[in-house]
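Colleague: This is what each chain is made of:
Protein chains: 2
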Amino acid sequence: MRTTLRIVALVVGLLFAFESQAQTASSGFPKGELSSAKNHTGNIWLSELSVGESTFDPGIAMATYDAGAKLDWHMHPGGQVLLITEGSGFYQERGKPVQVVHKGDVIKCAPGVEHWHGAAPDSGFTYIAVTPTQKGKTVWLEPVSEQVYKGLK
Amino acid sequence: MRTTLRIVALVVGLLFAFESQAQTASSGFPKGELSSAKNHTGNIWLSELSVGESTFDPGIAMATYDAGAKLDWHMHPGGQVLLITEGSGFYQERGKPVQVVHKGDVIKCAPGVEHWHGAAPDSGFTYIAVTPTQKGKTVWLEPVSEQVYKGLK
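Residue numbers (numbering that gives the first Met the number 0), protein chains in the order written: chain A, 0 to 152; chain B, 0 to 152.
Where hints are given, some of them may not hold.
Which copy is meant is left open, because identical chains are indistinguishable; a pair holds if it fits in one copy or across any two.
List of simulated lysine-lysine pairs, BS3-like, C-alpha gap at most 27 Å [what the hints assert, rightly or not]:
#1 Lys-136 to Lys-152
#2 Lys-95 to Lys-149
#3 Lys-37 to Lys-134
#4 Lys-107 to Lys-30
#5 Lys-134 to Lys-107
It is worth saying that the hints were derived from the structure and are not from the lab.
Isolated chain A (complex conformation):
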């Protein structure tokens, strides 16, 4: 019986180790720094993978959201593509319904379109963002209404 208990403890330990490895290794890129910007609510980590500049335009960055974290409304003059690599979240363009998005989805946001994105209330959310930089910087707008966010499913 004591042996059985020891083995059960080993199983549980190994499973935790594997799960932790799967989470860490899922992208392989560093999680980056916790954002101190005022354009979001909740914790968002930013990891710059390639800086946009004139010879190679698009900036490439990974963003990792805690469950419930969300960006304010904003707009990219050069557009943006989001490659969702972990979790589930929301994406909404101004005047359109909210889309529920998941790991493996690709979102193409056209230049000049006002939108927001964020994690679901019960799930982390990670994406790689590809953002052309030569047409201008992101324009930040108002926060997403807490009342609207709480009503999302």
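Once you've looked at the hints, dock chain B against the given chain A.
Modeller: Frame of chain A, contents of chain B only:
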């Protein structure tokens, strides 16, 4: 003793299940189509994630290499960034030493620089490539020497 054996079998089964889940779930994007192009040796799958066009320049695609698969030498007029998401491989620019590259590495290849990349002989290799398209298409050159490839470690 019989209980112990059953538990050991359960552990092994669970560990395999976890490992398999980690491999499948690592990117979440479709593996795409097996390439029939003549610009590589070995099996390479291509998954187009976002098509490059004039309003949103960079093309974004995922490439998955079998162990030992490699592209010919080539050049991108607009440059390319590779985000390595799985495995290990090689990257070499003309006249420079071969670099061994791994999951989590980011490679920035400047416009006009001749280079090649491929999987290691004993490892699969997957990356997401971000390629500006408005400055011209990829220029394909000669195959990588098998003799040189076989000598790489």
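Colleague: Given a CA cutoff of 27 Å, do Lys-107 and Lys-30 count as a within-copy pair, a between-copy pair, both, or neither?
Modeller: both (23 Å within a copy, 19 Å between copies)
Colleague: Should Lys-136 paired with Lys-152 be assigned to within, between, both, or neither, using CA atoms and 27 Å as the limit?
Modeller: neither (31 Å within a copy, 43 Å between copies)
Colleague: Should Lys-37 paired with Lys-134 be assigned to within, between, both, or neither, using CA atoms and 27 Å as the limit?
Modeller: Result: close within a single copy only, 23 Å intra versus 37 Å inter.
Colleague: Quick one: Lys-134 to Lys-107, C-alpha cut-off 27 Å, is that within a copy, between copies, both, or neither?
Modeller: Both: 17 Å inside a chain and 21 Å across chains, each within 27 Å.
Colleague: At 27 Å max between alpha carbons, let me know whether Lys-95 reaches Lys-149 within a copy, between copies, both or neither.
Modeller: within (17 Å within a copy, 55 Å between copies)
In this structure, only the earlier hint numbered 1 is contradicted, and the remaining ones agree with it.
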